[in-house]
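2 protein chains.
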Amino acid sequence: MENITEMLKGVLEGCVLEIISRGETYGYEITQQLRELGFTDVVEGTVYTITMRLEKNNLVDIKKKPSTKGPPRKFYTLNAAGQEHLEIFWKKWEFIASKINELKTKIKSKGGVI
Amino acid sequence: MENITEMLKGVLEGCVLEIISRGETYGYEITQQLRELGFTDVVEGTVYTITMRLEKNNLVDIKKKPSTKGPPRKFYTLNAAGQEHLEIFWKKWEFIASKINELKTKIKSKGGVI
DNA sequence: GATGCTATTCTGCGTTACTATATACCGGTA
DNA sequence: TACCGGTATATAGTAACGCAGAATAGCATC
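So the sequences go chain by chain: A and B.
Following this note's numbering, the numbering of the first sequence begins with 1 at its first residue and continues without gaps.
Following this note's numbering, the numbering of the second sequence begins with 1 at its first residue and continues without gaps.
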């Protein structure tokens with residue numbers, strides 16, 4: 001799927017939050033999980049800016065651990081604020097998705113009644 | 001629903017396209033329809049930037065008509081390119097929505113198997 | 001002519017994801 | 001040892017989008 005980047009705005013951060021909530025993980029792995037999900041074009045840099053933002057907003061706890069495969073990894077876990085943020089994200093998503101689907105399936109006559 | 005603006009990026013344009021596809025309409029009316037839909041905080045300026053973009057990208061035809069209630073209205077209708085754009089939008093939406101919902105409902109264990 | 005409503009237009013701003021690149025660390029191999 | 005590919009974090013610059021806020025226009029009514 002090409003050129004969905006604009007539609008991912010605001011959504012990607014929620015996905016990252018959700019992925020972190022599943023268990024301690026780090027940037028590179030998050031990127032791979034997003035790709036497996038289907039967002040194949042997501043690159044490390046994008047995820048990095050998101051994790052930096054989460055960090056800045058104090059939504060995650062961070063632990064640095066050594067790796068046998070490269071430089072030390074920064075592992076993220078959701079804190080209480082992050083959990084709350086995630087719940088709010090899902091509420092927003094459900095709201096928007098329901099509205100969009102409503103628009104999509106609405107009978108296609110302007111007056112509403114035939 | 002407050003502060004959903006980031007999640008509306010790329011989506012709002014599709015909504016406007018869909019509304020225009022229902023029948024000839026103008027900026028102010030589009031704004032009202034979006035509000036009725038549930039996006040209560042959408043303002044005229046936002047819709048204006050979208051219609052300007054549609055115009056610039058040649059996705060709409062324009063007809064100016066006088067109004068008894070103010071300055072002349074600019075009525076928009078979708079042209080062929082706009083129709084195509086709208087179909088692509090819905091495909092993108094379905095793709096993203098399915099992926100997000102997949103993420104949302106996925107069993108919450110990292111390995112996937114219990 | 002002052003006010004109020006409808007309606008369009010315009011500008012500047014903040015947020016977000018992407019591109020492209022740099023840096024660092026390790027294992028394997030020649 | 002010197003190089004390379006995979007892993008992993010970091011940063012600067014860019015473009016797109018929606019929003020706030022204000023200006024302007026036209027008409028009705030008082």
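It is possible that part of the hints are untrue.
[To be verified] In the BS3-like style, the derived pairs of lysine-lysine whose C-alpha atoms are separated by at most 27 angstroms in a straight line are:
{"id": "1", "chain 1": "A", "residue 1": "K63", "chain 2": "B", "residue 2": "K106"}
{"id": "2", "chain 1": "B", "residue 1": "K69", "chain 2": "B", "residue 2": "K9"}
{"id": "3", "chain 1": "B", "residue 1": "K9", "chain 2": "A", "residue 2": "K99"}
{"id": "4", "chain 1": "A", "residue 1": "K9", "chain 2": "B", "residue 2": "K63"}
{"id": "5", "chain 1": "A", "residue 1": "K92", "chain 2": "B", "residue 2": "K91"}
{"id": "6", "chain 1": "B", "residue 1": "K104", "chain 2": "A", "residue 2": "K106"}
{"id": "7", "chain 1": "A", "residue 1": "K91", "chain 2": "B", "residue 2": "K63"}
{"id": "8", "chain 1": "B", "residue 1": "K74", "chain 2": "A", "residue 2": "K91"}
{"id": "9", "chain 1": "B", "residue 1": "K74", "chain 2": "A", "residue 2": "K9"}
{"id": "10", "chain 1": "A", "residue 1": "K74", "chain 2": "B", "residue 2": "K106"}
{"id": "11", "chain 1": "B", "residue 1": "K74", "chain 2": "A", "residue 2": "K56"}
{"id": "12", "chain 1": "B", "residue 1": "K9", "chain 2": "B", "residue 2": "K91"}
{"id": "13", "chain 1": "B", "residue 1": "K74", "chain 2": "A", "residue 2": "K106"}
{"id": "14", "chain 1": "A", "residue 1": "K69", "chain 2": "B", "residue 2": "K104"}
{"id": "15", "chain 1": "A", "residue 1": "K104", "chain 2": "B", "residue 2": "K69"}
{"id": "16", "chain 1": "A", "residue 1": "K63", "chain 2": "B", "residue 2": "K74"}
{"id": "17", "chain 1": "B", "residue 1": "K9", "chain 2": "B", "residue 2": "K92"}
{"id": "18", "chain 1": "A", "residue 1": "K92", "chain 2": "B", "residue 2": "K104"}
{"id": "19", "chain 1": "B", "residue 1": "K92", "chain 2": "A", "residue 2": "K106"}
{"id": "20", "chain 1": "A", "residue 1": "K104", "chain 2": "B", "residue 2": "K63"}
{"id": "21", "chain 1": "B", "residue 1": "K92", "chain 2": "A", "residue 2": "K69"}
{"id": "22", "chain 1": "A", "residue 1": "K104", "chain 2": "B", "residue 2": "K99"}
{"id": "23", "chain 1": "A", "residue 1": "K104", "chain 2": "B", "residue 2": "K74"}
{"id": "24", "chain 1": "B", "residue 1": "K56", "chain 2": "A", "residue 2": "K56"}
{"id": "25", "chain 1": "B", "residue 1": "K92", "chain 2": "A", "residue 2": "K92"}
{"id": "26", "chain 1": "B", "residue 1": "K104", "chain 2": "B", "residue 2": "K9"}
{"id": "27", "chain 1": "A", "residue 1": "K63", "chain 2": "B", "residue 2": "K56"}
{"id": "28", "chain 1": "B", "residue 1": "K104", "chain 2": "A", "residue 2": "K91"}
{"id": "29", "chain 1": "B", "residue 1": "K69", "chain 2": "A", "residue 2": "K99"}
{"id": "30", "chain 1": "B", "residue 1": "K92", "chain 2": "A", "residue 2": "K9"}
{"id": "31", "chain 1": "A", "residue 1": "K9", "chain 2": "B", "residue 2": "K106"}
{"id": "32", "chain 1": "B", "residue 1": "K91", "chain 2": "B", "residue 2": "K106"}
{"id": "33", "chain 1": "A", "residue 1": "K104", "chain 2": "B", "residue 2": "K56"}
{"id": "34", "chain 1": "A", "residue 1": "K99", "chain 2": "B", "residue 2": "K99"}
{"id": "35", "chain 1": "A", "residue 1": "K106", "chain 2": "B", "residue 2": "K9"}
{"id": "36", "chain 1": "A", "residue 1": "K104", "chain 2": "B", "residue 2": "K91"}
{"id": "37", "chain 1": "A", "residue 1": "K9", "chain 2": "A", "residue 2": "K91"}
{"id": "38", "chain 1": "B", "residue 1": "K56", "chain 2": "A", "residue 2": "K9"}
{"id": "39", "chain 1": "B", "residue 1": "K56", "chain 2": "A", "residue 2": "K92"}
I should point out that these hints are in silico values taken from the structure, not numbers from a laboratory.
These figures come from a predicted structure and were not determined experimentally.
- Enumerated hints in conflict with the structure, sorted upward: The structure conflicts with hints 2, 4, 7, 8, 9, 11, 14, 15, 16, 21, 24, 27, 29 and 39, although it agrees with all the remaining ones.
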